[in-house]
Amino acid sequence: MKRRDFFKSAAIVGIASFFKTNALGSVLTGKEIAVHSQPDLVAVMGGEPAIMLARAIKELGGIGHFVKKGQKVVIKPNIGWDRSPELAANTNPELVGALVKLCRGAGASQVIVFDHTCHDWKKSYTNSGIEKAVLANGGKMVPANDESYYSEVDFPRGVNLKKAKIHKALLECDVWFNVPVLKHHGGAKNTISMKNLMGIVWDRSFFHSHDLHQCIADAATFHKKPALNIVDAYRIMKSNGPQGKSETDVVKLKSLLVSPDYVAVDTAAMKLFSQVQPTELKDVRYIALAEKLKVGTQNLDNLNVKRIKL
Amino acid sequence: MKFLKNIRIVLSIFFFLPIFVFFIDFTGKLPVQFHQFMNIQWIPALLSLNLIVIGILFLLSLFLGRIYCSSICPLGILQDVLSWKSRFFRKKKKKTRYNYSPPKNILRYTILVLTLIVFLFGSSFLVILLDPYSTFGRIASQLFRPLAIWGNNALAFIFSAMGNYTFYKVEQVSFVPLGFGIAILFFLLLTQMSWFKGRSYCNTICPVGTSLGLLSRFSVFHISMDESSCTRCGACEKQCKSQCIDSDAMKVDDSRCVSCFNCLSACKKGGISYKYRYMKKHVPTEQNKVNNSRRTFLLSSGAAMVSVAFAGTNKIIGKNDPILSRKPVMPPGAYTLDHFNAHCTGCQLCVTKCPMQVLKPASLQYGITGITQPHLTFSTHVFCTYDCNICTSVCPTGALKTLTMEEKKLTQLGIAKFRQDLCVVFAKEEDCGACSEHCPTQAVHMIPFKKGLTIPEVTEDLCIGCGACESICPVRPYQAIYVEGSIKQGMAKKPSEAKKFNKKIDDFGF
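Just so you know, the protein sequences line up as chains P and W, in that order.
Reminder that position 144 of the first sequence reads as 144 in the working numbering, one-by-one numbering, no gaps.
Reminder that position 439 of the second sequence reads as 439 in the working numbering, one-by-one numbering, no gaps.
Each hint should be verified, as a subset may be incorrect.
Unchecked claim - Which chain W residues face chain P? A few, computed with CB under 10 Å, are given here:
#1 Leu-116
#2 Ile-117
#3 Pro-322
#4 His-381
#5 Ala-468
#6 Pro-477
Bear in mind the hints are in silico, worked out from the structure with no lab data behind them.
This one's a predicted model, so the numbers in the text were calculated from it and none came from an experiment.
Don't be surprised by glycine CBs; every beta carbon is placed ideally from N, CA and C.
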């Protein structure tokens, strides 16, 4: 590194870290970021899942910015339920498929997809359409139905959740993407990016018996942060979540929210959701609790938010 | 006529293999249609009053003898496999192993009469215990299946350690001591008997074998010895796994012959053949008189009374928590407890096909007469899947009526009982809602509680008793919400749909 370059990046790092921590990583990994500032949150509306994803990733500096050649990638969608894509109980399969394709295109050595499902895992993988989409794009589905697939991890910043067993595929990967779907949720009020973390954990009943909201916030302190949280709001479930009863619970918003910040993306998603089903942000308690644990910020005004309508 | 034996072997493989593989298959990949192989079994056909199958099997036995025993009954073929295997363990000189042995009439007819009496008294206890197909089902599901899963999991362990997920770990068959005990008991008995005495199980214990023996005495075709060409070398007798050929007396006990045709292949002189019985004026071989002596009568009626008495005793009384003494939860399509208990033979087919493994063989939940009949046991992530009716479509005995998916989704297996004082929301004043989250009909839903919390409430009309709520409730050992089984399965109301949202959203809202 030239002396001049060193000073330049040191200065930028200093300034960047003063404002927001997540830009730090970007500066250290990619030089072009230093030239023009990268958005903290990208919101896209009005396209098909794959097109919205491509656009959002482009705004964030391209897939090559996140996935390097030969890396092992994990994608964690919500595949919790034995439901068809139209019912919006799981992440949109086209979105997951498109992300797998992007990662493979960036030279990822393997792209692994899993979820610790609530319903029978094989049926959920199949009927969600996700298995098919992943395999078609060169990814790999991995089971998560047995404790032997998990290893214990410490959560030193957690309040109630001090330890949890996390899926080994996630622990062993180089990069991972958190790809939840936006839904109403009977227990946690809403499920977005942080609630999706319950699918990387083996023992979920601990969450339910030790203050669900606090445990969700604690889970977001997991040391290995996703490169991006990609919130699928192509179809959202406005009521009777997380399973839904019929298509009348579903609203097609044709939207996508992307950010490395769990709290910011969940806050933005709640604002989008509230236009359909008015919900007090403070009732989704884990969002504020996570902010308290310095996981991210609810204050979208301080962030560089890029809104795109297609 | 040596080809007859080969035909018999081919037929046996044709019937045995699909049944065996269907019971073992833990991947759920085999098509459900395989269950047709179970429908052609004697006891299931009788219990479900499948007249076509009953007619065909009856005529088959009347014309050709006990073909059912030799080629259709999986338990019979399993014995052949066991005794065939035994040759690898015995000394070469003793390769010829069978000798004529007189029929054990007292034993076999007592068991048959007993089974009938007990059944007529309204208890299928002995039918469950002795139906050969169901006994095979229990052996396959309780002994062979766990071995197969264990093997798969060993492979899964090795492969996944290398990052290959072709094999995945499968939940092991849960250990139910009574069900396992019965399976292993019969397996040992069967192994012992078939090892040394061929088909003696079929001819002494099996009530189906004994009944068919009554028919095969008169079968149109039968094995008979020809005095002119027979040299009384005894080769046929040594190959007769039913031990029913007396080569010295030149007699074949038709009631015990299972038409395996081994004797035909053994005879080099053409002294034994399979032929038309009523060729010439020939009185059927002298029948061994049914021993209906006073002793047999007393023995059978005494034993029958004991069994009938057992039939009355229902489940044992549980401990303190009501969850322990709840009524058993029957599989969907069982309709009523009486119908179910009378028709189910505990063959375990539904248990092995249940993708969630929520069905398990009962111990004493249905009383002593319902041992190994399936019931639902809920545990974390184990509950009855909403979009699934596999068990109702594979049942060969009609104990579970076939339900369409729409009917299944409304059939009330039981009703969820919520116990507020145990609930996390009430006791700890913390949000949970796991039960409502898992409820497919939203019979369990959250209503406002204090401090902005919400607490579950059950609308019983909507509850189908799937147990999703119970399975996920974090309160242990006794859940704050549990399913009380229904003795008569009713129909739930159709859950109401949410109001459709029609407005167009074209702003992000932030």
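May I ask you to test the interface hint for Leu-116(W) with respect to chain P, counting a Cβ-Cβ separation under 10 Å as satisfied? 42 Å, violated
Pro-477(W) was flagged as interface toward chain P. Is the shortest Cβ-Cβ separation under 10 Å? 13 Å, violated
With a cut-off of 10 Å on the beta carbons, see whether His-381(W) makes it to chain P. 7 Å, holds
Is the interface hint for Ile-117(W) satisfied, with its Cβ closer than 10 Å to some Cβ of chain P? Violated, because the Cβ-Cβ distance from Ile-117(W) to chain P comes to roughly 44 Å (cut-off 10 Å).
Hint Ala-468(W) vs chain P: min CB-CB distance below 10 Å? Holds, because the Cβ-Cβ distance from Ala-468(W) to chain P comes to roughly 9 Å (cut-off 10 Å).
Can you verify the interface hint for Pro-322(W): is its Cβ closer than 10 Å to any Cβ in chain P? 21 Å, violated
When the structure is compared with the earlier hints, violations turn up for hints 1, 2, 3, 6 and for no others.
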